[in-house]
Every structure is written in C-alpha cells, then in structure tokens.
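Chains as they are written, first to last, in this note's numbering: chain A, 1 to 317; chain B, 1 to 286; chain C, 1 to 321.
The hints are simulated quantities; they were obtained by calculation from the structure and are not laboratory data.
Only a predicted model underlies this, so the values are computations on that prediction, with no experimental measurement involved.
Worth double-checking, as some hints may not be accurate.
[As the list claims (entries may be wrong)] The calculated EDC-like cross-link candidates involving lysine to aspartate or glutamate, where the alpha carbons are at most 16 Å apart (straight line), are:
1. K147/C - E163/A
2. K130/C - E248/C
3. K55/B - E55/C
[Stated by the list, open to error] Partner residues are not named here, just some residues of chain B that face chain A (Cβ under 8 Å, in silico):
4. A27
5. Y98
6. F107
7. L110
8. W116
9. A176
10. R181
11. P237
12. L267
[Stated by the list, open to error] Far from chain B, some chain C residues (derived; all Cβ distances over 12 Å):
13. D33
14. N119
15. D126
16. K139
17. P156
18. K206
19. L209
20. N239
21. E245
22. A261
23. G283
24. W291
25. D295
26. Q297
27. E311
Where a beta carbon is used, it is the ideal one built from N, C-alpha and C, also for glycine.
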Amino acid sequence: MPHLSSPPSVLAARQRRERLTRRGLFFLTVFPPLLVVVMAAVLLGRAWPILGQNSLWALMSGRVWKPVAGQFGFLPFLSGTLWVTLAALVLAVPPSLLTAIYLAEYARPPTRAFMKPVLDLLAAIPSVVYGVWGVIAIVPWVQHTLAPFCRRAFGFLPLFRSENPTGFSIMAGAIVLAVMVAPFIIAVTYEVFRAVPEGMRQASLAVGATRWQTIRHVVLPKTLAGVLAGIVLGLSRALGETMAVLMVVGNVVQVPRSLFDAAYPLPALIANNYGEMMSIPLYDAALMTAALILLVIVLMFNVAATLVLRRMKARSQ
Amino acid sequence: MKKHWHWRHLEETLARGLMLLSFAVVAVSLALILGTVMARGLPSLDWAMLTQSPKGGYYLGKEGGILNAILGSLYLAGGGTLLAFLFSLPLSLYLQTYVRRSSWGHFVRLGLDVLWGIPSIVYGAFGFMVMLAIGLRASLLGGVLVLALLEMPIMTRAMDEVLQMMPEELEQASLALGATRFETALRVVSRQMLPGILTAVLLAFGRGIGDAASVLFTAGYTDRLPTSLLRPAASLPLAVFFQLGTPYPEVQQRAYAAALILTVLVLIISLGSRWLAGRLGQFVVK
Amino acid sequence: MKSQYVGLALIALVVVLASACGQATPAIRPEDDLQGVISISGAFALYPMMQRWAEEFHKVHPGVEFDISAGGAGKGMTDALSGAVDIGMVSREVSDEEEAQGAYWVPVVIDAVFPTVSNKNPVLDDLLAKGISQDTFIKIFITGEVKTWGQVVGRPEITDEIHPFTRADACGAADVWAKYLGGKKQEDLLGIAVSGDPGLVDAVAKDPLGLGYNNLNYAYDAESGRPVAGVVVVPIDRNGNGVAEADELLETKSEAQEAVASGRYPSPPARPLNLVTKGKPQGLVQVFLEWILTDGQQFVGEAGYIPLSSEQLAEALRKVR
Chain A
1 MPHLSSPPSV LAARQRRERL TRRGLFFLTV FPPLLVVVMA AVLLGRAWPI LGQNSLWALM
61 SGRVWKPVAG QFGFLPFLSG TLWVTLAALV LAVPPSLLTA IYLAEYARPP TRAFMKPVLD
121 LLAAIPSVVY GVWGVIAIVP WVQHTLAPFC RRAFGFLPLF RSENPTGFSI MAGAIVLAVM
181 VAPFIIAVTY EVFRAVPEGM RQASLAVGAT RWQTIRHVVL PKTLAGVLAG IVLGLSRALG
241 ETMAVLMVVG NVVQVPRSLF DAAYPLPALI ANNYGEMMSI PLYDAALMTA ALILLVIVLM
301 FNVAATLVLR RMKARSQ
Chain B
1 MKKHWHWRHL EETLARGLML LSFAVVAVSL ALILGTVMAR GLPSLDWAML TQSPKGGYYL
61 GKEGGILNAI LGSLYLAGGG TLLAFLFSLP LSLYLQTYVR RSSWGHFVRL GLDVLWGIPS
121 IVYGAFGFMV MLAIGLRASL LGGVLVLALL EMPIMTRAMD EVLQMMPEEL EQASLALGAT
181 RFETALRVVS RQMLPGILTA VLLAFGRGIG DAASVLFTAG YTDRLPTSLL RPAASLPLAV
241 FFQLGTPYPE VQQRAYAAAL ILTVLVLIIS LGSRWLAGRL GQFVVK
Chain C
1 MKSQYVGLAL IALVVVLASA CGQATPAIRP EDDLQGVISI SGAFALYPMM QRWAEEFHKV
61 HPGVEFDISA GGAGKGMTDA LSGAVDIGMV SREVSDEEEA QGAYWVPVVI DAVFPTVSNK
121 NPVLDDLLAK GISQDTFIKI FITGEVKTWG QVVGRPEITD EIHPFTRADA CGAADVWAKY
181 LGGKKQEDLL GIAVSGDPGL VDAVAKDPLG LGYNNLNYAY DAESGRPVAG VVVVPIDRNG
241 NGVAEADELL ETKSEAQEAV ASGRYPSPPA RPLNLVTKGK PQGLVQVFLE WILTDGQQFV
301 GEAGYIPLSS EQLAEALRKV R
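When you get a sec, could you build the whole thing from the sequences and use the hints?
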C-alpha cells in the first residue's frame, strides 16, 4: 500500500504513472468495439457480391435456397434460428429462475456449496459433448416419447403437430440448448438475488409476508434488471452455439411450422458448408452474408436489451 | 383471527414445489449427460489412450491414443486463455476504475456483449481469412490467436461483472489513503476479487477448450504431439469429431472416451482452481 | 505481487514462442533422403485410406511426416486452393471454377455410394427381390412424387411413408448421389439431413421407414463384410425390369467392391476420389502422389476401397509426372 505521506517528487511520479497508465490502457478499450466493426466490415466485403446484387428484402424473405442455381433465400434459416432460440429460452428461463431463487433464498449452505461446482461444470461441458448426448439421448426420446405424446395431447394446435418422423427437430435443439444455457442464467441471477440486502427481506417477513410473497413483491422488482441481464446472457450463448444444435436439429431447408419440424439455423448453415466456399464463388458470399446477418441480429438484440435495462435502472432509482 | 388455510401458504407451497422440481431437473440433466458420456466412454478408455499418440492406423481401429489431442487442447486453450487474460484483466480493471458508468464504458461493454454472442464458426472463418492474408498456415499459433479472440469477450465481461461487486468501502479506503485510482485497482481491487477473477478465467477456458468450430480452420489437425507453434495441433473436440466420422465402431466408441477425457479435464481444472481460489481467498477482506 | 505474476507469465510466453518458432521444418527438401512434412486435409471418405497410405509411406521414407485432418471435401478443396495444406482430399469431381483457380487433381481410388434401408423395413423382402430403379429414386429424393413404400414395390395397399435421409454437411457422397439422380446437386436432395456418414447409417438403422445412402466403407462393416447392423443395402434395379438380378444384390462388401470394379455398378454413384494440389505437384508431394499411384495401390482393397483400372492409373500417373 502506498505511503501515507510521500515526498512531492514521489507523488508526482506516481501521478504521472497513473496518467500514463490510464492513457495507455485506454487503447485496450477501443479494441472490442473496433473488433466488431472490423469483423462486420470484413464480412460485408465478402458478402458484397450478393448484397450488392439483390435487395435485402428479397434475400430475407426468399424461401428457396439453391446456391448453385443462384437462389439465396434466407427466410428458412432466419426462422429456424428464431424458433430454436425462442423455444430454448422458453424452456430454460422459468426453471433457471426458479432454481436460482431456490438456491439464493431457500437452500441451506451445504446445498448451495454443492450446486455451485455442479453449475460450473454444466457451463464448462464442451458443446461437442452436448451434441453427442443430444444425438444419443434426446433425439430418440423426442421421437419415441415426446412427439407422440404432444401429438395426442395437444395435436389440435399446429405447434405440436408435425410430419417429421424423426427426433431431429427444433424441440431436440431447444432441449439441448436449454440445458446449455441454463447454468449461465442460474449463475447470474443467483448472484443478483444474493446481492439484495438482507434487511429488505427481514422487513418484509417482519410484517407477516411469506417467503414467496417476499420474493415476488420485494426481491424480484429490485432485481428485475439483473434478471433480464442474465436472460440476455443466456440468449447470447444460445445464438452463438453451433455444433451441438447442428447435430440434432435436422438441417432441413424449410420454414418450420411446428416445434417438431426440423429446422436449419444460421450457424449450422455456415458450419455445414463453410468448406465449399472457394468452389462456388457466390456460395462464399452467401455464407458470409449469413454470418453478417447473425452479427447484426446479435448487435440489435444487445442494443435493445441495453436500452431496456437502462430504462429500468432509471425508473427504479 | 387466524385462518388455517390461507391462500398465501398455498402459494408458498406451490412455489417451493416448482423450485424443487426445477432444481431436480437441473441436477438430473447433469447426471444424465455425464452418465451417458461415461457409459459410452468408459469401456473404451484405457491407459494407452491417455499416454500415446495415434500410431498409424489408429483411425482404422488399431493402437495408439489421443495424447496429441490432449496436449494440443491444453496448449491451445492454455495459450489462448493466457493471451486473453493478458488483455482482459487490464481492460476490465480500466472499465471498472475509470469508465464505470460513462457512456464510453457502456459502449465498450456493448461491444463485448456482441462479441460474446457471435458464433464460434464466425470466429473460425474470420481467423482463417486473416491467417490466409498474413500467410499463416493452420497451426498451433493460429488456433491460439483465434481462441484468444474467442475467449476475450467472455473473460472481460465476466471479470467486469465480478469487479462491479467490489465493496466500495475498500476502494474508498484505499483512495483515502492517497493511492491513485489505478494503484487501487491493481493492488486492492484485483486482490480482493481474485476468486471472482479466477472464475471468469475458468469460464473462458472452458469455452475455449471445448470449441471445435473455431479450431477446425485455424489449428488444423495432426497425429503428432504439438512441438512447434507453426505446425498444426490436434484438439480434443476435433478428435471427437473425426473419430465419430470414421466407419469403424470401435473408433466411434473411442470418440466418446475422448469426450469423457475432455469433460474430466475441464472438471479437474475447474475443481483445481476452485481450491486455488480458496487458498488465494486468504487475501480477501471479508 | 500481481505484477510479478504478470511479468512471469509474459516471460513464459516469450520463451515458449521463441523455442517453438525454431522448430518449423520446411515442406520440401528433395535432395536429402526424403525429409519433410506433408499436410493434408479434406473428405472423410478418403481419411482412412490416406491414414493408411501415410503410415506405409512413412515406413519406406521415415524422414517424411504427415499432418492429416478431415473436415469434408469442401474444406479439402478450400485448403488446397488457399495453400493452407499441400494436398486436399476431394471425394467428388473438381468443377470448372475450381480448376480455373488452380486446382490440379488426380484420381487415386474408386469409391461408391450405396442406397440403404433399415432391416426392419416393412417391404424388405419385396425390395430385395425387385430392387429400386434409378427413376424411382429420382421420384423419392428429387421430385417427391413417390411417398410411400407401397408405391416403390407396386403394392398400393401399403401406405407406410418413406423417410428419406440425406447429408447435412457439404460432402462428396451427397454430391455424387444427386448426380446419379439426374445430374442434380446436393442441395436438390430431399430428406432429413444428418451430419456425417455414420450419422446417416445410424438414422436409417433406427428408422424402419428410412432410406439413405452411404459410402462403401460406412455401409458395410469392416470386419464381417456384411452391411452394418440394422441396415440393408438395397439393390439398384439397373435395367428397370422390376427384378433384382443376382448380381444386383450386394450382400457383402467384396461383392460390392467387385460390382464397382467390373463396371456393373453404375458410375455415378460410383466415382473416383481425387487428391487436389494447387498447380502441378512438385517435390516431396509429387513423390508421394507417384507412390500412391504405384506401390500405394496394393493397400486399397484391404482398406475397403476399389482400385482404379489400369487405364485410369496410367492416365493419373501421366498427370502427376
């Protein structure tokens, strides 16, 4: 620790070092946004042969994907990404939140101590392993158990009815993604809940509320912003996941109409075909367009989330 | 007057039930995944797998092991994590110290979040293009650089979140004693939050060592042990991927063993550093 | 304290970098008794064969080492054209655009794709007796007109659907199967797309109504020579007479290899697998390729592929020399 009283020369030196460090480190902060811009620029450059020729609307709404024939409709992939990611979030968020609340509010210390490494481990399992597990365990289960059940119980809704006979489906992808994303959401929201001062809880309990009521009416509103941040985190991870989803989602180029349809998310498109890029010149541009679209989606989503979060923080102040 | 069966209590019981259910689902999922991988992988796992590199014909079912991939993954992820750390720690300290709430800080954080969300295949593609442009072939160095890029946003953001929970009193005490802001950051904040920083590093490491898409195009693959930065290096995710792709069932079974090794590796490093964090926790002021 | 660790880490990094940089060996040194490293990447279809060749070549020339990576035919082409590897394994034809970019290719073995169904298929006996004609395949995989197994074997009372499977990853197998079905491309194939050859076999084995296609090595078990458990290779009714002749029924791997080698099996879906270099191969790479086309051919059969005919070999050797 610095001395309580330093001679003026030493003080000046320390202050100079401080200024230099600050200025030097500033350049580090430029790097992340710069990287985003550089990546976007490179992708745009490689995607230009297609983007320059076709209108963005035509590309986004086109349903036919036949690159060799020169047709580049991205709609199946856009909707595939949307379906899988949303389904994964719907599956992941409620249990994750509940688990986090349980761990933060109810669980005894031994349970908590046990769960933390468990969650770390789940978060650290490589995506290839999730993919392998998905193919071995989830796809057959969806095919033989879940899909028939949903067809019988909820078949009147087109959401649950599908012609797809195999388990390779959005549902399988969503389940695998949900398990991958849950640990992140749990970990973040857990920390958020723990950060709420004990005093508020005590006050609420003192006036006779049950623990759950305390959570619902006192703790949750305070932590809403953090909870949302956790969900956004999970969503980012879900959007970015490639390998595991690719192995179980069916990779059929179609606009899905049911949870049990097969789909073809954008990252899978890139991963499956990236090697082909040099042979068919426009194919390369198409894949780069897909990557660019992904980047833009992630960007828009994060901007929106930041704005929402900021407004929430402002309101709670 | 006291009602015996108030709806609030019902709500409470219901909530508890749901929570326990969720908790059980999460714990069971982990058990299922590990269990499946172990069930398939353990039978093929033997000492040779861990200690030998593939002899000729390994992919046709003959002897050898995947030491090349084990070492390769450790070097790749280790190098990438180290590089990312050298960048992330100063960056997150800077974010925490100087631009905590300013709009530039928010902008940088936005950039990091976006980088986090970009699929690893895009990093792989981008890395491949850059490597081609500078004339670098698929190599250990290429893989390390791309993994560093991939891990940097995760590490920085996680550290950032951790550092934000720094107790203000400690910081203010240090400043009150006459330390400059950066000195405070370097000596007080980082020491206090060391366990959290370690968690952030681990998170990034786990992502890096498990990723196949980014190393496929940048690190290449080889059957030899990694000895040079400019030669391709094998990695465990790719070992799993390639072994799954051969027509020989014994080799496919070995893929599961490789996946098991990868998981166990991550487990060991994760638990090991938790222990380390516990030891380093002696520097933390409670 | 912190800065000391950082400093140590930096020093360690520099040391590692410095030591590692010195060990990169040049790729070609033809004057010595063959030394160097050859890097190869590409199709899964060629991966086991290339591993075998590398092993045998290394025995003859211990100074030569190999870095072999799979990743798909497309990756092999990309890597070869961009100079990222010395040789690309490409399990399909080389297109004109690729040649224009400098792709110089030689065929090295023949492989073939075989249609597969589950051994629990409801009309299996009919299928084995009648076979499926090319025209029917087109109607299943391309146009989608034929939707039930009953339509395939001419028994309209059977209404079980056909579940066609295809490959998700860009690969030579799908490419050549599509080519067989009327000169189409992989993107024209209908069906649920699964990753990888083993994945396709698996999907068909698990689905009694499944119909897929696989490379020779993946359709037949390496040890027993019979089709992989749960899967049956469907005879292709070549003359379209509604009867599967004895020689159209391929129950073992050697029968299949023989059918392809003799030309009885249509080509496509039999096709030569190619090795691609950027420009004419030089130095060590050229020596290796020559070896593959001469001494290397003896290992082709046991590795589960079909050797080139002598004319094809001669032509290939001419290209290499």
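Each hint, compared with the structure:
Only pairs whose Cα atoms come within 16 Å are accepted, and K147/C paired with E163/A is accepted, the gap being roughly 12 Å. This hinted pair checks out: K130/C and E248/C have alpha carbons roughly 10 Å apart, not beyond 16 Å. For the hint pairing K55/B with E55/C, the CA-to-CA distance comes to about 8 Å; that is within 16 Å, so the pair holds. Annotation: A27/B was flagged as interfacial toward chain A, and the flag holds, the nearest CB pair being 7 Å apart, inside 8 Å.
Proximity of Y98/B to chain A holds as hinted, the smallest CB-CB distance being about 6 Å (cut-off 8 Å). Restraint check, F107/B versus chain A: the minimum CB separation of about 6 Å is within 8 Å; hint holds. Against a cut-off of 8 Å between C-beta atoms, the interface hint on L110/B holds, since the closest Cβ of chain A lies about 6 Å away. Look at W116/B: its Cβ gets to within about 5 Å of chain A, closer than 8 Å, so that hint holds up.
For the restraint placing A176/B at the interface with chain A, the shortest Cβ-Cβ distance is roughly 10 Å, beyond the 8 Å limit, so the hint is violated. Proximity of R181/B to chain A holds as hinted, the smallest CB-CB distance being about 7 Å (cut-off 8 Å). Interface restraint check: P237/B against chain A, minimum CB-CB distance 5 Å, threshold 8 Å, status holds. With 8 Å as the threshold, the beta carbon of L267/B comes within range of chain A, its nearest partner Cβ sitting at about 6 Å, so the hint holds.
No beta-carbon of chain B is positioned within 12 Å of the beta-carbon of D33/C; the least distance is around 20 Å. Against the 12 Å criterion, N119/C stays outside the reach of chain B, whose nearest CB is about 16 Å from its own CB. The claim that D126/C lies off the interface holds: its Cβ sits roughly 28 Å from the closest Cβ of chain B, which is beyond the 12 Å cut-off. The Cβ of K139/C lies farther than 12 Å from every Cβ of chain B, with a closest approach of about 29 Å, so its non-interface assignment holds.
With a closest Cβ-Cβ approach of about 37 Å to chain B, P156/C is found to remain outside the 12 Å limit, as its non-interface label requires. Listed as a non-interface residue, K206/C keeps its Cβ farther than 12 Å from every Cβ of chain B; the least gap is roughly 15 Å. A cut-off of 12 Å between C-beta atoms confirms that L209/C is not in contact with chain B; the least separation is 24 Å. Every Cβ of chain B is farther than 12 Å from the Cβ of N239/C; the closest lies at roughly 30 Å, confirming the non-interface assignment.
Residue-level check passed: E245/C sits 27 Å from the nearest beta carbon of chain B, beyond 12 Å. A261/C, annotated as away from the interface, keeps every beta carbon of chain B farther than 12 Å; the closest lies near 19 Å. Under the 12 Å C-beta cut-off, the non-interface status given to G283/C relative to chain B holds; the minimum distance is some 17 Å. Every C-beta of chain B lies more than 12 Å from that of W291/C, the closest at about 15 Å, which supports listing it as non-interface.
Distance check on D295/C: its Cβ is at least 16 Å (rounded) from any Cβ of chain B, clearing the 12 Å threshold; non-interface status holds. Its beta-carbon lying about 17 Å from the closest one in chain B, Q297/C satisfies the requirement of being farther than 12 Å from that chain. In this structure E311/C is separated from chain B by more than 12 Å, as the shortest Cβ-Cβ distance comes to about 29 Å.
Comparing the model with each numbered hint stated earlier shows that hint 9 is the single one that does not hold.
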